[in-house]
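Enquirer: The primary structure of each chain is shown beneath.
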Amino acid sequence: MKNHDQPATAGAPRLWWANMQRRAVPGNRKIWTVALAVVGLVLLYSLPRLTIPLINTPQVSFPSVLFYPVGVYVLLALGLDMTVGRTGQINLGYAAFFAGGAYTTALMSTHGVSYYATIVPAILVSAALGLLVGLVSLRVNGDYFAIVTLGVGLVVQEIVSNVDAFGSTIGISSVPPPAPIGGLEFSVANPQAYDWLIFTMILAVCVIFALLYRSSLGRAWAAIREDEDAAALMGVEVRKLKVIASTIGAAPAGLAGSIYAAQVGYISPETFGLTLSILVLAAVALGGKGRIAGVVVGGVLVGYLPQRFLQVDKFSTLLFGAVLVVVMLFFPEGVLGSLQRTKGPAPTASLGARPKVADDDALPLTAVPPAASAQPAAPALEVENARVAFGGVVALDDVTLTVEPGSVTSVIGPNGAGKTTLINAITGVYRLNRGRIVLDGRDVTGTAVSARSQGGIGRTFQNLRLFAGMTVLENVLVAAEAANSTDRSGGGSSPRERASELLEEVGLAPMADTRSDQLPYGAQRRLEIARALALDPQVVLLDEPAAGANTAEKQELMGLIRSIAESGRAVLLVEHDMPLVMGVSTKVVVLNFGEVIACGTPEQVRHDPAVIAAYLGTESHV
Amino acid sequence: MRLFTEFPSYTLAGLLIGAVYVFLALGYSLVYRVLKLVDLSYSAALTVSMFVALALAGRWSPAKLSTSGAILFTLATVAVSVVVCVAVRVLLQMAMFQPLRRRNAPSLVVVIASLGVYYVLQEAMGLWKGQDLINYTLPFTNSSLFSVGGASVNIVDLALLVVAGAAAATVGVWLRRSSFGKSVTAVAQDPIAAQLNGISVNVVANTLFAVTGVLGGLGAVLYLFYFTNTSYDVGLGLAVNGLIAALLGGMGNVSGAVVGSFVFGLVESYGGAVFGATWQNVIGYAALVVLLLVAPSGLIREQRGFARA
Chain A
119 MKNHDQPATA GAPRLWWANM QRRAVPGNRK IWTVALAVVG LVLLYSLPRL
169 TIPLINTPQV SFPSVLFYPV GVYVLLALGL DMTVGRTGQI NLGYAAFFAG
219 GAYTTALMST HGVSYYATIV PAILVSAALG LLVGLVSLRV NGDYFAIVTL
269 GVGLVVQEIV SNVDAFGSTI GISSVPPPAP IGGLEFSVAN PQAYDWLIFT
319 MILAVCVIFA LLYRSSLGRA WAAIREDEDA AALMGVEVRK LKVIASTIGA
369 APAGLAGSIY AAQVGYISPE TFGLTLSILV LAAVALGGKG RIAGVVVGGV
419 LVGYLPQRFL QVDKFSTLLF GAVLVVVMLF FPEGVLGSLQ RTKGPAPTAS
469 LGARPKVADD DALPLTAVPP AASAQPAAPA LEVENARVAF GGVVALDDVT
519 LTVEPGSVTS VIGPNGAGKT TLINAITGVY RLNRGRIVLD GRDVTGTAVS
569 ARSQGGIGRT FQNLRLFAGM TVLENVLVAA EAANSTDRSG GGSSPRERAS
619 ELLEEVGLAP MADTRSDQLP YGAQRRLEIA RALALDPQVV LLDEPAAGAN
669 TAEKQELMGL IRSIAESGRA VLLVEHDMPL VMGVSTKVVV LNFGEVIACG
719 TPEQVRHDPA VIAAYLGTES HV
Chain B
70 MRLFTEFPSY TLAGLLIGAV YVFLALGYSL VYRVLKLVDL SYSAALTVSM
120 FVALALAGRW SPAKLSTSGA ILFTLATVAV SVVVCVAVRV LLQMAMFQPL
170 RRRNAPSLVV VIASLGVYYV LQEAMGLWKG QDLINYTLPF TNSSLFSVGG
220 ASVNIVDLAL LVVAGAAAAT VGVWLRRSSF GKSVTAVAQD PIAAQLNGIS
270 VNVVANTLFA VTGVLGGLGA VLYLFYFTNT SYDVGLGLAV NGLIAALLGG
320 MGNVSGAVVG SFVFGLVESY GGAVFGATWQ NVIGYAALVV LLLVAPSGLI
370 REQRGFARA
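Same order as they appear, the protein sequences are chains A and B. For the first sequence, position 539 matches number 657 in our numbering, and the numbering has no gaps at all. For the second sequence, position 41 matches number 110 in our numbering, and the numbering has no gaps at all.
Treat the hints with care, since some could be wrong.
[Claimed, not checked] Cross-link-like lysine to any residue pairs, in silico, SDA-like; alpha carbons within 25 Å at most:
| hint | chain 1 | residue 1 | chain 2 | residue 2 |
| --- | --- | --- | --- | --- |
| 1 | B | K251 | A | F508 |
| 2 | B | K251 | A | V511 |
| 3 | A | K432 | B | K251 |
| 4 | B | K198 | A | P424 |
| 5 | A | K432 | A | V178 |
| 6 | B | K198 | A | F438 |
| 7 | A | K432 | A | T389 |
[Claimed, not checked] Where chain A lies over chain B, by a calculated footprint (3+ residues, C-beta under 8 Å):
| hint | stretch |
| --- | --- |
| 8 | 158-170 |
| 9 | 182-188 |
| 10 | 312-323 |
| 11 | 352-360 |
Calculated from the structure, these hints are not laboratory results. Ideal placement from N, C-alpha and C gives every residue a C-beta, glycine not left out.
This is chain A alone, in the form it adopts within the complex (with noise of 0.2 Å):
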């Protein structure tokens, strides 16, 4: 970044920053990346050919020592961060994968198949211990999952060396090596040939899973990673994805044995135990977790250092477990997830913009005239006799109520008396024991989280939930995406060009780029409501989206929430803020211990006896 040559405008620097970063990639530079790209691809294709004393390894061939152990570690690496890295799940039995792929290619070619035949089976086989384990996810969480993959990974160890179709302890021998391509001997004596096909699948698998990460798919994942429970209330099927993600994630693992098995031409059980799996994890965490470069780096440095350094051959496993230590202590984040945080952009301590919401009363959202004067409209949202019974604690009893497109609901009521448990009724976090839910007249009351989430209904939360490792774009462009992937999103336009235009109505187009969780208070409660809205809902659920805000940004909250119900969504806001409540509201409906004990106009809401006693106290302070 050196752009220091232009004089930034004092109104506006951030905006001019977001621009550059953007769209001006000048036309010599692009030269520059490419020919930088090209020098890169010439000196690591070189490497095998080289000698170089300072980084060649003492025991093993500097060329076999880029194959195995380097190569298939950053294979493996790569596979594994699709998991740990992309959707937050420790894997403890990732050699299970590799076992798969190198067995496969092991059984295959020693019966007489080709192995560039073998290579996809080695891929399928893999991948299809990926989509176990990927079944196994969705019914185990978190620490407990990591300990699954842990007997995973020991079972599959057990079996290869108890069976004897899969050689038992001794393994299978004579794996014949790949049929030379174009003069290309694969052989003992031209170690470096393995070397070139493994540099190139490392580049494949990059490429393929760059393109992959930057997609909808991947953007998906990250919101998953970040905070699950928000994304499948953003409309994304977590589930569904976590299986992709180990299914996928599984396949250069199934890559890497095929090569691996050719290579060596004998493998053994051994080969595929636990401390493969921890070293390959360990390779993840110590280059960075979530970042291609970081992780390949990572593969690099397991792989490499114990090789260079084979003479304190006694040291060398403590040695690794101290680096270890030290590193996950000061730079939990991997060497090249530290390197990178310390350079990113600083916090941004003040918002670029306001908020053009409040000046604009009239928000571009859709173009839905206001149902408000008409004839009262069908509605957008209905809870039907709703009944939530935590064990014996009745946290909603008999709740019925309903919410009108282009009007605003508020539900007020005193701390404990079931507004956020409604909220996460009629967003499916909670069960119903009783009543149903109806969304646009469809019953929606056995459905997903995430089904209802795209079947038209966004929300915010009362602490925030937004996806901090995400940028601000980000953030909205999953929501808009899990949109789009229902035909119901109606307008033509790209889920990218929603997402800026909703940034712009909020007054956060100037952060597009800018992290989440580097926005300050104010301006990551206006994202939620973005967020919420990126998924075209027809019924917008804020939870005190008002908390914590300052005078002047309720009046802009006001605006806002109008113009969302002139847009004609309907507006359910949970909200303490009596000014605010009774500024915006069509109308009000009051919860006391789980129980609706008025509903009317606010006016009619203020005066009525029963409120004032339960809630608003003995005289009215609105």
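Take the given structure of chain A and dock chain B to it, following the hints.
Expert: Leaving out everything else, chain B in the frame of chain A:
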């Protein structure tokens, strides 16, 4: 079939190995319950204790001791082993887990860091006494006490079962009845709220790590007495089996750890009898995977509050 002809022997063997797992599973489970972290270094602390006990035995050649001398030496071995294990555990908590907790480190970071400690301790032991299997000479004669249906129970067997049961019961009662136990529960449910109510998470953590140190020290000595050999890398298998036992029962509660340990020990022992010793491990692990698919929170469920929104 061997399982039926020698059922009592296989049952006893299963219970005994289960009793060894109790010490491990309790350690993992207690730390997990409160601090929500998987501490892979625990079994390496046991290895350290075992090696110190080995060194003691090597120095005072216990074979030549009188009866009272043997009793004294045994008690001294237990005491030293416990002290060493407690020291390792508390030191680790203060030097590593506490800073990690303060930084809100995600589980992957904690797992990898504890793995690093595991390797450091294991390799240090390997450097100290070599990487071969080391035999341990009992300071007393392990004579048979009585037999149940053909399965002979000797001193060490009885001690292992009694101490495992007593240790688990003590920890269970202590957590349930004492005011410290209430602090532990408070920290387990909401560390921030606990702190706001005057409970120091660090004190709770230190105490818990010390308690796991006592458990580990006892477990290490009893392991040595029972198997009469060890090696620098026993920790890996112990960690895997201890974690699995804890998970089988349901991570985070004492009765779960005990039930899980004995169930795991018995499944291994019976499974080995039916399918042959080589399949012993697979059966245990497979049982775990199947069980968790059916009951994701283990055999005995931890009492928890509402699911978070």
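Enquirer: Taking the hints in turn, state whether each one holds.
Expert: Evaluation of the provided hints:
Our distance criterion of 25 Å between C-alpha atoms is met by K251(B) and F508(A), whose separation comes to about 23 Å. A hinted pair counts as satisfied when its Cα atoms are at most 25 Å apart, and K251(B) with V511(A) qualifies at roughly 23 Å. With a C-alpha separation of about 46 Å, the suggested pairing of K432(A) with K251(B) is violated against the 25 Å cut-off. Distance restraint check for K198(B) and P424(A): the Cα-Cα separation of roughly 23 Å lies within the 25 Å cut-off, and the hinted pair is therefore satisfied.
A C-alpha spacing of about 17 Å is found between K432(A) and V178(A), which places the hinted pair at or below 25 Å, so the restraint holds. Pair hint K198(B) plus F438(A) holds up; C-alpha atoms about 20 Å apart against a cutoff of 25 Å. Between K432(A) and T389(A) the CA atoms are separated by roughly 20 Å; this keeps the pair inside 25 Å, and the hint holds. Counting residues of the stretch 158-170 of chain B whose beta carbon lies closer than 8 Å to any beta carbon of chain A gives 3, which reaches the threshold of three, so the coverage claim holds.
Counting residues of the stretch 182-188 of chain B whose CB lies closer than 8 Å to any CB of chain A gives 6, which reaches the minimum of 3, so the coverage claim holds. Counting residues of the stretch 312-323 of chain B whose beta carbon lies closer than 8 Å to any beta carbon of chain A gives 4, which reaches the threshold of three, so the coverage claim holds. Proximity of the stretch 352-360 of chain B to chain A, defined as three or more residues with a beta carbon under 8 Å from a beta carbon of that chain, is established by the 4 residues found.
Comparing the model with each numbered hint stated earlier shows that hint 3 is the single one that does not hold.
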